[in-house]
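Residue numbers (numbering that gives the first Met the number 0), protein chains in the order written: chain Y, 0 to 368; chain D, 0 to 368.
Not one of these hints is a red herring.
Identical chains blur together in the list; that is why a pair holds if it fits in one copy or across any two.
Straight-line C-alpha distance at most 30 Å; calculated DSSO-like pairs for lysine-lysine:
hint, residue 1, residue 2
1, Lys234, Lys16
2, Lys317, Lys234
3, Lys234, Lys17
4, Lys367, Lys317
Calculated directly from the structure, the hints in this document are not laboratory data.
Protein chains: 2
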Amino acid sequence: MPSATRFLHITEPLSMKKGGHLASFTLAYETWGELNPDRSNAVLILSGLSPNAHAASSKVDPSPGWWETMIGPGAPIDTDRYHVIALNSLGSCKGSTGPASVNPETGKPYRLDFPDLCVEDIANSAHMLITHLGIEQLCTMVGPSMGGMSALSYLQQNPNSARHFLTISSSSNAAPFSIAIRSLQRELIVSDRAWNEGNYDEKNWPVKGMRMARKLGMLSYRSSEEWRTRFGRRKQDYFPTELFGMNFEVESYLEAAARRFVRSFDPCSYLYLSRAMDWFDVSDGYPDLPHALAEINLKTACVIGVETDILFPAYQQKEIADALRSNGIDTSFTNLESLMGHDAFLVDDALFNPHVAAYFDRIWFEDKL
Amino acid sequence: MPSATRFLHITEPLSMKKGGHLASFTLAYETWGELNPDRSNAVLILSGLSPNAHAASSKVDPSPGWWETMIGPGAPIDTDRYHVIALNSLGSCKGSTGPASVNPETGKPYRLDFPDLCVEDIANSAHMLITHLGIEQLCTMVGPSMGGMSALSYLQQNPNSARHFLTISSSSNAAPFSIAIRSLQRELIVSDRAWNEGNYDEKNWPVKGMRMARKLGMLSYRSSEEWRTRFGRRKQDYFPTELFGMNFEVESYLEAAARRFVRSFDPCSYLYLSRAMDWFDVSDGYPDLPHALAEINLKTACVIGVETDILFPAYQQKEIADALRSNGIDTSFTNLESLMGHDAFLVDDALFNPHVAAYFDRIWFEDKL
Numbered sequence: 000m001p002s003a004t005r006f007l008h009i010t011e012p013l014s015m016k017k018g019g020h021l022a023s024f025t026l027a028y029e030t031w032g033e034l035n036p037d038r039s040n041a042v043l044i045l046s047g048l049s050p051n052a053h054a055a056s057s058k059v060d061p062s063p064g065w066w067e068t069m070i071g072p073g074a075p076i077d078t079d080r081y082h083v084i085a086l087n088s089l090g091s092c093k094g095s096t097g098p099a100s101v102n103p104e105t106g107k108p109y110r111l112d113f114p115d116l117c118v119e120d121i122a123n124s125a126h127m128l129i130t131h132l133g134i135e136q137l138c139t140m141v142g143p144s145m146g147g148m149s150a151l152s153y154l155q156q157n158p159n160s161a162r163h164f165l166t167i168s169s170s171s172n173a174a175p176f177s178i179a180i181r182s183l184q185r186e187l188i189v190s191d192r193a194w195n196e197g198n199y200d201e202k203n204w205p206v207k208g209m210r211m212a213r214k215l216g217m218l219s220y221r222s223s224e225e226w227r228t229r230f231g232r233r234k235q236d237y238f239p240t241e242l243f244g245m246n247f248e249v250e251s252y253l254e255a256a257a258r259r260f261v262r263s264f265d266p267c268s269y270l271y272l273s274r275a276m277d278w279f280d281v282s283d284g285y286p287d288l289p290h291a292l293a294e295i296n297l298k299t300a301c302v303i304g305v306e307t308d309i310l311f312p313a314y315q316q317k318e319i320a321d322a323l324r325s326n327g328i329d330t331s332f333t334n335l336e337s338l339m340g341h342d343a344f345l346v347d348d349a350l351f352n353p354h355v356a357a358y359f360d361r362i363w364f365e366d367k368l
Numbered sequence: 000m001p002s003a004t005r006f007l008h009i010t011e012p013l014s015m016k017k018g019g020h021l022a023s024f025t026l027a028y029e030t031w032g033e034l035n036p037d038r039s040n041a042v043l044i045l046s047g048l049s050p051n052a053h054a055a056s057s058k059v060d061p062s063p064g065w066w067e068t069m070i071g072p073g074a075p076i077d078t079d080r081y082h083v084i085a086l087n088s089l090g091s092c093k094g095s096t097g098p099a100s101v102n103p104e105t106g107k108p109y110r111l112d113f114p115d116l117c118v119e120d121i122a123n124s125a126h127m128l129i130t131h132l133g134i135e136q137l138c139t140m141v142g143p144s145m146g147g148m149s150a151l152s153y154l155q156q157n158p159n160s161a162r163h164f165l166t167i168s169s170s171s172n173a174a175p176f177s178i179a180i181r182s183l184q185r186e187l188i189v190s191d192r193a194w195n196e197g198n199y200d201e202k203n204w205p206v207k208g209m210r211m212a213r214k215l216g217m218l219s220y221r222s223s224e225e226w227r228t229r230f231g232r233r234k235q236d237y238f239p240t241e242l243f244g245m246n247f248e249v250e251s252y253l254e255a256a257a258r259r260f261v262r263s264f265d266p267c268s269y270l271y272l273s274r275a276m277d278w279f280d281v282s283d284g285y286p287d288l289p290h291a292l293a294e295i296n297l298k299t300a301c302v303i304g305v306e307t308d309i310l311f312p313a314y315q316q317k318e319i320a321d322a323l324r325s326n327g328i329d330t331s332f333t334n335l336e337s338l339m340g341h342d343a344f345l346v347d348d349a350l351f352n353p354h355v356a357a358y359f360d361r362i363w364f365e366d367k368l
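With the sequences and hints as input, model every part of the structure.
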């Protein structure tokens, strides 16, 4: 399979927020569209928990990306206008260095020897990529979900690093309800005997724990009303009938989707990234959110959330918008009436894409002024 | 400990909806207030998944019940006016016969030998209790949560059995999102090695599975916004710090609450009742909900739901109210703006109780006409 993913190997050490460091590390990213001569048209997309760097198709890799309809020629994030960069997060297992990567000091995967990971470290590594690419200021920083946390931290640490900022279904810190969901997911994984304190292997993989954690995740990504219209109460016996389960189509759907996920994501990566989100609070050390974001220079910002999102709920979107506005940043805020919950930005193209297109049209106009 | 719980031993066999039967069985219930001479002032409360029959304190048992502020002299369900009966569901492990009860044929607990349990069976057994008590027609049937499902089935099977009907945070069938949550809870329990196909005992108890299932339940009972105000991001190391967990107060809260639950409820009872809810659809065999409820005679009905309930969501409350209204039943419908989610009827007294009081005042007035 041809891949458009590029790898930047950084040999300068990365000091981690909670102590420890990576002597060297790799970042996986993809790009679309040309960087203009004055390097002013770059759009950086910082991604959520599970996506890789392949956000959209290209000539090199025509397979659809995870944000296929959002990025491309004439798409809301228009690659005829912008040089778009999508980064796989530090800590992930999709090309960038993470707990599943080989520790150069031991020749074995890091696993639990990987230093504690924070969103601030992800942001820091992303900034090193952008610096390496010779981009002094991004046109736009884009952060959906966990990517929005990384973006806020990036902007806080580098207040003049972008002219525009689009945050989608994200938050300035992890809500206690979201912490509870992710905490239970982690408990599910480490309760699997095959987890074995991180000493799992291909043959002994925490399949049950990962499968159930993924199901819980999927529960938190959608809404009750969406599943009513999608599945209703249709019966389906796709999987061999198990005691106390698998009578309904919704159960088969979750089982199939969770099975696909189980071996596609490293359990340690999952645990590290999940915990990093819980720890994150951009206001740590500041009296409040407006003060935490006070240094950030932006021409405009756009905050989009979804009414039915229970993981990054609407009130958290409003908090970001209010804080940016109180700092004098021209900020638009939209609370979409999608039924798709947290996943809306990935699946509700019809509703989401026009809002992103409108913001990027505005950016184009503002930057011409 | 003194108990006010009474036990009715029924020796006539109960045929179960999905086949099989109970040769004899016991129902545990409590009562408050006097039954009037013409036996017309009875209020039956059918309960949710986990409550016992002790809904409120009394002289015999002064310990607070699970609906303590709702039932009593001068309370919204006023025991100076009404003879209130609270029933522990068939299938439960709190006094009524269920999978944890001793099978008279073997002298051992039923466990998986208990016949498949449906909400219709719970309703049927409740009707046998009321008949035994010599009550021909209830003044009011009250059903919160699963109890509302039982109540709908009771009324469907016995269309003239009550004059008034109060359903709270319930539904006419299980929503696919709720099925998914309960299905995952059941998977958590049966994935615990100690579950051992139902052959657990006091020493080998599915502690992990029950603990995690309870946590998932608690996640579905509340709302993100409530936990924001309640816990925020306060740190707490109440439990020994475990890898990847237990940094936040919300995590300690869930752990403590789940530990309390683990041995207080029988795993088999939990599985049977949980599955009964998923199976339930009062419209099975009818073209739609209005037709399913068409035979039911009521003077009035009251439907109360909560905007933030993700387990029995607001749209399901509206479905019941619309169906009753379309059948010409004088029905009030309230969608409360509580942050307490599905648990609001148990914990948000200030908001909930006045609505129940108003409905019972109306009932009092209607019945005098």
